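Asker: If you want the building blocks of each chain, they are given just below.
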Amino acid sequence: MKRREFLYGSAALLGAAQLGLTGCSSGSNDTEKKSKAVVIAWKIDDISSLDPAIAFEKVSSEVCRNIYNTLVVYKMEDTTQFEGLAAESWEDAGDGKNYTFHIRKGMTFHSGRPVTAHDFVYSIERALGLGRAPIIIPAGLGFTKENVRECVKAVDDYTIGISLPEERALTFVLACFTTCVMAVVDSEEVKAHEMDGDWGSEWLRKNSAGSGPFKLRNWVANESVAFERYDGYWRGPAAAEIILLRHLPEPSTQQLLLERGDIHVARNLNTTQINRFTDDPNFDVVAAPSFRLVYMNLNTKYEPFQNSKVLKALKYLIDYEGINNTILKGFADIHQTLVPQGIWASLRENPYTFDPERAKTLLAEAGYPDGFEVALDVRGSSPDLEMAQTVQASFALAGVKMVINTADYKQMLTKYKSRRHQIVLANWGADYPDPQAMALPFAGNPDNSNAATLKTVAWRASWQDEELTARILAGAKEVDSAKRKALYEDVQREQADKGPVIQMFQLRQVIVVPKGFRGPLLSPSSRCDTYLNMGKKV
Amino acid sequence: MYINKTFFREMAKVLFSALVTLFGLLILTFFIARLLPIDPVLAVVGEQASEAAYERARQDLGLDKSLFQQLILYLQNIVQGDLGQSFLTRNDIVDDLKRVFPATIELATTATIIGVLIGVPLGTWAAAKQDGWPDHVARFLGVLGHSVPAFWLGMIALLIFYAKLGVVPGPGRVDDIYYGLVTQQTGLILVDSLMQGQIEVFRNAVSHLILPATVLGIFSVANISRMTRNFVLAELRQEYVTTARVKGMDMRTIIIRQVLPNTFVSLITVIALQLGALLEGAVLTETIFGWPGLGLYMKNSLLNADTNAVLGGTLLVGVTFILLNTGADALYRILDPRARN
Chain A
1 MKRREFLYGS
11 AALLGAAQLG
21 LTGCSSGSND
31 TEKKSKAVVI
41 AWKIDDISSL
51 DPAIAFEKVS
61 SEVCRNIYNT
71 LVVYKMEDTT
81 QFEGLAAESW
91 EDAGDGKNYT
101 FHIRKGMTFH
111 SGRPVTAHDF
121 VYSIERALGL
131 GRAPIIIPAG
141 LGFTKENVRE
151 CVKAVDDYTI
161 GISLPEERAL
171 TFVLACFTTC
181 VMAVVDSEEV
191 KAHEMDGDWG
201 SEWLRKNSAG
211 SGPFKLRNWV
221 ANESVAFERY
231 DGYWRGPAAA
241 EIILLRHLPE
251 PSTQQLLLER
261 GDIHVARNLN
271 TTQINRFTDD
281 PNFDVVAAPS
291 FRLVYMNLNT
301 KYEPFQNSKV
311 LKALKYLIDY
321 EGINNTILKG
331 FADIHQTLVP
341 QGIWASLREN
351 PYTFDPERAK
361 TLLAEAGYPD
371 GFEVALDVRG
381 SSPDLEMAQT
391 VQASFALAGV
401 KMVINTADYK
411 QMLTKYKSRR
421 HQIVLANWGA
431 DYPDPQAMAL
441 PFAGNPDNSN
451 AATLKTVAWR
461 ASWQDEELTA
471 RILAGAKEVD
481 SAKRKALYED
491 VQREQADKGP
501 VIQMFQLRQV
511 IVVPKGFRGP
521 LLSPSSRCDT
531 YLNMGKKV
Chain B
1 MYINKTFFRE
11 MAKVLFSALV
21 TLFGLLILTF
31 FIARLLPIDP
41 VLAVVGEQAS
51 EAAYERARQD
61 LGLDKSLFQQ
71 LILYLQNIVQ
81 GDLGQSFLTR
91 NDIVDDLKRV
101 FPATIELATT
111 ATIIGVLIGV
121 PLGTWAAAKQ
131 DGWPDHVARF
141 LGVLGHSVPA
151 FWLGMIALLI
161 FYAKLGVVPG
171 PGRVDDIYYG
181 LVTQQTGLIL
191 VDSLMQGQIE
201 VFRNAVSHLI
211 LPATVLGIFS
221 VANISRMTRN
231 FVLAELRQEY
241 VTTARVKGMD
251 MRTIIIRQVL
261 PNTFVSLITV
271 IALQLGALLE
281 GAVLTETIFG
291 WPGLGLYMKN
301 SLLNADTNAV
311 LGGTLLVGVT
321 FILLNTGADA
331 LYRILDPRAR
341 N
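Chains as they are written, first to last, in my numbering: chain A, 1 to 538; chain B, 1 to 341.
Please note that the accuracy of each hint is not assured.
Pairs of lysine-lysine residues, derived as DSBU-like cross-links and limited to a Cα-Cα distance of at most 35 Å, are as follows [stated by the list, open to error]:
hint	chain 1	residue 1	chain 2	residue 2
1	B	Lys13	A	Lys536
2	A	Lys58	B	Lys98
3	A	Lys417	B	Lys164
4	A	Lys483	A	Lys206
5	A	Lys415	B	Lys164
6	A	Lys58	B	Lys65
7	B	Lys247	A	Lys43
8	A	Lys410	B	Lys13
9	A	Lys36	B	Lys65
10	B	Lys98	A	Lys410
11	A	Lys43	B	Lys299
12	A	Lys301	B	Lys98
13	A	Lys43	B	Lys98
14	B	Lys13	A	Lys145
15	A	Lys329	B	Lys65
16	B	Lys164	A	Lys206
Everything labelled a hint here was simulated from the structure, so no lab data went into it.
No experiment lies behind these values; they were computed from the predicted model shown.
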């Protein structure tokens, strides 16, 4: 079999040599076809499924958000405000438990069926039934597989009634409904592909049944994702007819392809390349904030970190400005509190500066006048490694001798998630645009045991502040928005003051497109329709 | 004519030892992949999943069973021709391999053909003109092939021929517009496009193949020319060459008629191993050229601790290697009368 394939292969090649190689494509016909497709170069090897109830990683959720519609989205110009997408309007009963959403009439699925409240109810039930990674979001609203039929009901074809088991603030509820796990799938289409009670997830993994501007044409793991425009989209057809995400892991390859005009968007360029394009009049560098923070997790199982003065000293031993100006250049902003800019209740204050003298004094007071030894785990790629090296140098100024252990990201994560680290440098993004999405992981830890069901970032630091955790858990229930805001502001200040998790930077997303080309909307977290106007003439 | 009972008995022995090797390879890979300090569940559910979702995925993947149970289950499936599913994508490994291996076959075979077409004449020439300038060229290429990293050569080749001169298309197997025009039959895009009469796709695929195959081919040329040179030199020292010269035959005829055929036996082994090495995965070349082959697939699976995919790929590489070796061995026996007894 294989031998035969060899023979075929070699025969074909010899034939090729005779046919004569007339260069590399591009007749006029090709150019026409080319202009209808938008090609995005991206590292897309972390997709495990394109089912909206399973997709939770960066690329897969962005793909889903352009195929499926959610009830609400946050406003692009002001991410702290919400607007309806599939929902035309909503009502808040005022008791913190009952909410009603009115669905826009005239929306259709790719199959042509109208989008109804029943589809939404099915989709949420489905997400809970599947119980995969994104379930954390409906679970935050108090939904379970058992109670969901009571909690989410179709009042009529175009009205959804939500009654929560516990109070939740309207802003929190809306934020949860922006995520793709809460998006609507075509219930009949999915039911038709159900197998052994899998809620159609085997089929939906590589197929689509949405109501968004694009349908999924195909996904080949580690190669590409291809989209096809859905002409019946209620907001009007998208500008691009076909969109292709191509897996090109190598930034220099992306750069070459962009310069030659073979791709339209490059999404994994490094700082040096971005700077080169900034000076190039033929290209536009587009940057937007993300809800992702770079932080260090100091494990309080390690003795020196049990001393609050040591924690504080290390916060003064990081050259925030230096790292931001020389390593992250344009890719980030200094941000030292746990709620990123762009989510309401975010603070605009950075309490720490680089102050080695102060750090030395604090370390001496803590009983470590000559510093101590510590190990830091970090992924061995740029820019994380360079950041770690800078931290290593600045820690040394106060006698803290740091060893850097590099590993592949997932390898590092495995060690980190079992709390076997001393310091980890990593980043974390908000799953939904609400302060709770950051406060709970970074400062909340209801159960510090190894068997905990909620293993937050604070848990990984073995840090439990019961009073703070209780306040955060109450935060989601606070119906008074002014009180809710004040609560999160206090939490942020307290965590930055005493917590063992050190927030350092808020990352930006940076892409490069040809001059005047309209790229995808860069949304800081879940938001639908980011490809709608891509490729449109400006 | 030379294929007789003894031949079959010998081949059966070879095949048996091949099977034992494969089994050992599988066990070893299984444990290495399992003992990697990477949690495969993390690759599936991501960092921010809850414990319940994590636990569920772990059970789905069968990772809650003991290591021994997992191994037995895996071996049972293999006997039935089922390599399992990828942890990450839930694709059948067999389907994945059917997709990625042809891409690598296409690349590696072309590279090896380039290696043979250039390497053998170059090596012979170098040996004939020992210490002359052809010899220096061959040695230079040999050093280049051994010391230049593939990713550097690939990058430079792309910079010159794609970015600056624009004579070849960029990374990938075909232009994006041709993507999905050819349905997969053999998986070899050159063959499939021809069979389906898509001449335009065929030409495009060939133009995409040239650069990466040449880059890989250079490494092949380096190796094959060096070995050819050594083999020819060794033959030239034989008495029959002296005899032929004394009889007045000219050097060119001696080399072409007498010497080269005598080196074929050893060359076949070298070429087969060379092809095997390239099939095993030119990871770096595949990465630079965005070539969705076995190398890239294995690398990605390893980084995601996708044990089933790694095992499936390893098994395929093992089988290929053994087939090539056994094939070379059989040819060796057919070509060389001395090896028959």
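Asker: Taking the numbered hints from earlier one at a time, note which ones the structure violates and give those numbers from smallest to largest.
Answerer: 1, 3, 4, 5, 7, 8, 9, 12, 14, 15 and 16
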